[in-house]
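Q: From first to last, the protein sequence lines are chains Y and R.
In case it helps, the working numbering puts the first sequence at residues 4 to 602.
In case it helps, the working numbering puts the second sequence at residues 297 to 630.
Worth flagging that the hints you see were computed from the coordinates, not collected in a lab.
Errors might be hidden in some of the hints.
Partner residues are not named here, just some residues of chain Y that face chain R (Cβ under 10 Å, in silico) [stated by the list, open to error]: (1) Asp418; (2) Ile419; (3) Pro560.
Note that the Cβ used here is the ideal one computed from N, Cα and C, for glycine as well.
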Amino acid sequence: MSVAHPAEVHAHPEMNFLSKYFFSQDHKVIGIQFLFTSLIFLVVGGGLALLVRVQLAWPHAEIPLLSWMFQDNGGRMPESFYNMLFSMHASVMIFFVIIPVLAGAFGNFTIPLMIGAKDMAFPVLNMLSYWFMWPAFVLILSSFFVEGGGPAAGWTSYPTLSSVAMPAGEGLQSPAAPNSGHGQVLWLLALTFVGISSMLGSVNYITTIINMRAPGMTLYRMPMTIWAMFITAILQAFALPVLTVALILQTLDKTIGTTFFLPDGLTFGNWITGPGGGQTLLWQHLFWFYSHPAVYIMILPSMGMVSDIISTFARRPLFGYRAMIYSIAGIAGLGFIVWGHHMFQSGMDPRLGTGFMIATIMIALPSAIKVFNWLGTIFHGNIQYTAAMLFALGFVALFIIGGLSGIFMAATPVDIFIHDTYFIVAHIHYVLFTSSIFGIFAGIYYWFPKMFARQMNEFWGRVHFGLTFVLANCVFFPMHILGVGGLRRRIPDITASPREAAFMPLNQFITISALVLGAVQIIFVINFFYSLFRGKPAGRNPWNSNTLEWSAPSPPPHGNFETVPIVFRGPYEYVEVEGHGDHLPQTLKLEGPAPTAGH
Amino acid sequence: MGKWWSILFGVTMIACTLLFVVSPFVGWWLPEGVSTHSWSVDLLFYFILGITGFFFILTEALMCIFMYRYCSSEKAGRTVAHAPGFFVRTYNKWTPPAIKGSIAKVLNDPHKIEMAWTVLPAVILLWIAFAQVDAWAVIKYQSRMPRYAEKNQEFTPLQIDVTARQWEWRIRYPSSERFVEWMTRKGDPEILKDFQSFAKIEQKDDVKLVNELHVWNHHPAVLQLSTRDVIHSFNLPHMRVKQDSLPGKQIPVWFTPIKHNTIRLSADGDVWIDGYNPDTKAQDRNQIWDLSCAELCGWGHYRMVGRLYVHESQQDFLDWLKSVEAKMLPPRAK
């Protein structure tokens, strides 16, 4: 099914500076707004991570730059500050970087362009989805500065550490942790706003993809990026309400004294909480019912973009196009019934653990199929090693590690040992850093010419990739070893246990690698801004790519296409045809019999 | 130039693999497993490590080979047909024609390849999944845990109450008198009642310690786990035991040690020290077994570390229990 646009030319009114760059309803501007704010938060989140690493490597030393804050602690970092750092690192990276970049920036930018639409179905809703991020930005950043400090109960915010509150009338202080007072409330509210933003976006994406495709753009002619965004939006729409409810319940527990997550009579110092009747596990179920699908929300769009980029630069049709779609759908579907694998050791009935384990291990299957298909795509290809392609290939190489390490923790008995160790930290970073963020870098290098009509410097792009690839492995791979050794996560000082203190040399190696990895990103920042103003001008289609966005001018004007594009073929027809070079754009109509685009 | 990227990928992946090979030799590996759980957990760990390691090397190698061979040349022309390489030649020479025929049939049909790489991993993954079920049930299912001995030939597990709070483990043992009754009188409904009431009702003569968990070798211990404030996680890495404690709940945990690490310092004294290695008959840093909290529980989480003492025999444990009782103030009621 594809729906044609009305044929009349849509006139866009003249816009002033404010309505063009700030309160814009143009999906491309909104996408770029998401991109810029998220990249700023990427710097914040990365800085938090580096502070975490510095503390881990030299737990008894003064903290550089920040020691003035800790005069009464001898310049050393207090433990609660460390807990705040990793909690905020994860919260910022997940809710303010990866989800907004993938869904907000790339979703917004690519969806109308790649399906041949003039804009999103609901432009005002789209603008609101960006502006609902701003209360979240303000709330999350202000939580650093409130009494007690930012939230420090982990990004998972398990009650009762996060939720327990003093009796009514004693303010928002928490008896469990100083940071679980005002900071926690701001965190809860910030995430609620992020949720509203994502929900507005996902409704828009689903509607746009179903209703606004160009003539000829059937569902099975959509590029993988669009399929991934489509399925991600569905995941968001179904999972987010559950998180929102959980966030509201915890906010009520903290502010007006409800006891959704508070059991009877807990003891904090001299104070005993009253009757509760709540369940701490309820939060974990609600939280992971969203946050496990959220893991796929953070990886599926990257997978889609990487599929398009690999096919383009291998000059080969994507191997197993339909299998790729079905495996994304499979991952998303299974993703709703595996949340319990975060809770194997939580005190949930262990018989449930058995069921969750089997579902979780089976999710490796669609992931494996995707990897084989990517390998099948580069097989017999004609690979051009652009920066975008390198990040896409890096994604595949390192997603393999993240995928395989997942099997260890899915296996319940093995998980007994590695749960809450650095093995988990290694796994999550192979999936979220070396996969999702690599996908984001690939996407930026790939679509930069379309966004800004200039190309990023390829040489420095490749240097950026090479160093990032090697250093990311130096940072995250040894964490598997730490986990196998049983080093607990979320501890500021590993010398507290003599057994764990033995891992100090490895910890220091990781920290030094992480500092260099952080420094290397400056190459990207400089390249990005330099290319924005001085980069080589890009034509419409610098990569000789097939998909629709490359048939629009660079940058596409408000309304995107000069004429409504008509789609004649699938997105991956990279084949030699007499007189057409090695690729057939989706808008190209060929006379005579269609060429076969075999595998 | 392009080919160098495949070499960079290859070298990095080889370095990662080597780290896994070298680490066990420098002591960065699983801590020694000293409970009956550790055998099954470690076996499953190595089983998964073997399978994932194989597929890791296979996929990364294929990727590097493809990246090397199908790199576009500087002239941006198509790659020319290569002469068959070493592996192809070996394959051609040594594979029986019948097998070669069927493999060729699969390789020449994309749908057959896709079926193959869907069905084969599915079978392997299901195999991995079902291999876990029994070990998990033994360790975690309450129905499978040791319980009060109904008959004469069975034995009663040691029962201990563990209550977590920020940031210590409060550990409560039965009095030596009660303990002896549990161990010797079997099938007695009175004792069964008393045994089951231990975790729910504190007695004045219970022995209470902080951060010191004592059990003895080759005998199951059942710990009744609870918490007074936030979620903690009871973590005995050497025993391959981990269980969150939940506010408002009591969760049983069990294990049977298969090695002891605690000896009496002098023949008639009541000083006991851990860190003893019965294999070498010497003190050993690696024989100090920690009981740590694995779930973030506030700022003191990292130092919520206790110790596990495994005595050699029931008699040693009883002697130790009596020596602690002797040091305790007499209960006011008596």
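Q: Which of the listed hints are not met by the structure?
A: Violated: hint 3 alone.
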